[in-house]
Amino acid sequence: MKAAVVVFPGSNCDRDLAVAFRAAGAEVEMVWHKDTDLPSDIDIVGVPGGFSFGDYLRCGAIAANSPICKTVKSHADKGGYVLGICNGFQVLTETGILPGALLRNEGLKYICKTVGLRIETSQSAFTEGYNAGDVVDIPIAHHDGNYFADQTTLDALESEDRVAFRYTDNPNGSQRDIAGILSDNRRVLGMMPHPERAADAGHGGTDGQALFRAVVGQLTSA
Amino acid sequence: MKAIVHVMLKNGVLDPQGEAVRHALGALGFDGVNGVRQGKVIELDLADGISEADVTAMCEKLLANTVIESYRVEMG
Chain A
1 MKAAVVVFPG SNCDRDLAVA FRAAGAEVEM VWHKDTDLPS DIDIVGVPGG FSFGDYLRCG
61 AIAANSPICK TVKSHADKGG YVLGICNGFQ VLTETGILPG ALLRNEGLKY ICKTVGLRIE
121 TSQSAFTEGY NAGDVVDIPI AHHDGNYFAD QTTLDALESE DRVAFRYTDN PNGSQRDIAG
181 ILSDNRRVLG MMPHPERAAD AGHGGTDGQA LFRAVVGQLT SA
Chain B
1 MKAIVHVMLK NGVLDPQGEA VRHALGALGF DGVNGVRQGK VIELDLADGI SEADVTAMCE
61 KLLANTVIES YRVEMG
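Those protein sequence lines, which keep their order, are chains A and B.
Numbering-wise (this note's numbering), the first sequence opens with residue 1 and increments by one.
Numbering-wise (this note's numbering), the second sequence opens with residue 1 and increments by one.
Think of the hints as simulated: they come from the structure by calculation, not from any bench.
Computed from a prediction, not measured in an experiment: that's the story for all the values here.
There's no promise every hint is true.
Just the calculated beta-carbon pair ranges, DEER-fashion [claimed, not checked]: (1) B:V36 with A:G54: 23 to 29 Å; (2) B:N11 with A:K70: 28 to 34 Å; (3) B:T66 with A:G202: 15 to 21 Å; (4) A:G54 with B:D31: 35 to 41 Å; (5) A:D137 with B:G76: 49 to 55 Å; (6) B:G76 with A:G79: 43 to 49 Å; (7) B:H23 with A:S40: 42 to 48 Å.
Some residues of chain A that are not near chain B, with every Cβ distance over 12 Å (derived) [as the list claims (entries may be wrong)]: (8) D35; (9) L38; (10) C59; (11) D77; (12) K78; (13) T93; (14) E94; (15) E106; (16) T114; (17) G116; (18) R118; (19) T121; (20) S183; (21) H203.
In silico EDC-like links for lysine to aspartate or glutamate, alpha-carbon gap of 20 Å or less [what the hints assert, rightly or not]: (22) A:K73 with B:E60; (23) B:K40 with A:D144; (24) B:K40 with A:D43; (25) B:K10 with A:D144; (26) A:K70 with B:E60.
In this text, a Cβ means the ideal position worked out from N, Cα and C, and glycines have one as well.
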């Protein structure tokens, strides 16, 4: 099973994401934002956290228009798996792969702490290692994580069981406490919290491990 | 030719930065500011032949995120 991790200028969680994929059994290749092609036989693309292009214009906006993102979009359009974490989630909303947008945190502060996340659905390759209703501890580290979408979109996300995670104690003003959402085919996950920072005992928590094990396991057996 | 693009958060989208500015104005003694909305202004220096429709396309594709922002183009 092969994963590609995209690297933009300003990405800073790319190597952590690669380590988490590898620890779960994946082979990982890093791809640069100027690349136009993904390596062959890629099962999943990881779009990492960080501050791509210095968050200029809007978080993720410049990255979303980079050559590799056109390829990531066509990978997703063809039914490929994509995991976007933090800045990666912002990039996925800016490309239109996922609906909504991430606004400045309601309290205007950059927040870096471990928060409680409730698993809202186990019906995805990413979340099948958890039980719906479980609460896990995962770190967040963002200034613009306030999930926004119009009411119709939010209603659709809920009725289609596409809210993957909710904050147990909303830290940033996100609509309906949303911390992560799935695409309509459930193969693209965008989330603000960092499961790759809770994937090794040395991190102080391992609640993110199940996500990587689940998706790598699923794509290995496929 | 120049174009000026004004980008604002849409009405109904919370603008915490505008709110913070409003509070700061109040703290400085400027009473009577009922609301502040903060946006951005982008100036484009354009080659001949670039039309307003081209600038609108730039807004739709990159300069504004129409999920949360509205924009207005002024050709100068």
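Here's how the hints hold up against the structure:
1. Taking the beta carbon of each, B:V36 and A:G54 are about 26 Å apart, inside 23 to 29 Å as hinted.
2. At roughly 32 Å, the beta carbons of B:N11 and A:K70 sit within the given window of 28 to 34 Å.
3. For the pair B:T66 and A:G202, the beta carbons lie near 43 Å from each other, so the given range of 15 to 21 Å is not met.
4. At roughly 37 Å, the beta carbons of A:G54 and B:D31 sit within the given window of 35 to 41 Å.
5. Taken as a hint, the range 49 to 55 Å holds for the pair A:D137 and B:G76, whose Cβ atoms sit roughly 53 Å apart.
6. Between B:G76 and A:G79 the beta carbon distance is about 46 Å. The supplied range of 43 to 49 Å therefore holds.
7. Between B:H23 and A:S40 the Cβ separation comes to about 55 Å, which falls outside the hinted range of 42 to 48 Å.
8. With a cut of 12 Å on Cβ distances, A:D35 stays outside the contact zone with chain B, its closest approach being about 20 Å.
9. For A:L38, the shortest C-beta to C-beta distance to chain B comes to about 23 Å, beyond the 12 Å cut-off, and the non-interface label holds.
10. Against the 12 Å criterion, A:C59 falls within the reach of chain B, whose nearest CB is about 10 Å from its own CB.
11. The Cβ of A:D77 sits about 18 Å from the closest Cβ of chain B, beyond the 12 Å cut-off, so the non-interface label holds.
12. Once the 12 Å rule is applied to beta carbons, A:K78 is consistent with being away from chain B; the minimum gap is 22 Å.
13. Remark: the non-interface label on A:T93 conflicts with the geometry, its nearest Cβ contact in chain B lying 7 Å away (cut-off 12 Å).
14. With a least beta-carbon separation of about 7 Å from chain B, A:E94 fails to lie farther than 12 Å from that chain, contradicting its non-interface assignment.
15. With a minimum CB-CB distance of about 5 Å to chain B, A:E106 fails to clear the 12 Å threshold, and the non-interface call is violated.
16. Every Cβ of chain B is farther than 12 Å from the Cβ of A:T114; the closest lies at roughly 23 Å, confirming the non-interface assignment.
17. Against the 12 Å criterion, A:G116 stays outside the reach of chain B, whose nearest CB is about 23 Å from its own CB.
18. Taking the minimum C-beta to C-beta distance to chain B, about 23 Å, the non-interface status of A:R118 holds against the 12 Å cut.
19. For A:T121, the shortest C-beta to C-beta distance to chain B comes to about 23 Å, beyond the 12 Å cut-off, and the non-interface label holds.
20. Its beta-carbon lying about 16 Å from the closest one in chain B, A:S183 satisfies the requirement of being farther than 12 Å from that chain.
21. Even its closest Cβ contact with chain B, about 30 Å, leaves A:H203 beyond 12 Å, as expected for a residue assigned away from the interface.
22. With a C-alpha separation of about 18 Å, the suggested pair A:K73 and B:E60 falls inside the 20 Å cut-off, and the hint holds.
23. Simply put, B:K40 and A:D144 have alpha-carbon atoms about 17 Å apart, close enough for the 20 Å limit, and the pair holds.
24. Annotation: proposed proximity of B:K40 to A:D43 is violated, straight-line Cα distance about 40 Å (limit 20 Å).
25. Simply put, B:K10 and A:D144 have alpha-carbon atoms about 17 Å apart, close enough for the 20 Å limit, and the pair holds.
26. Simply put, A:K70 and B:E60 have alpha-carbon atoms about 17 Å apart, close enough for the 20 Å limit, and the pair holds.
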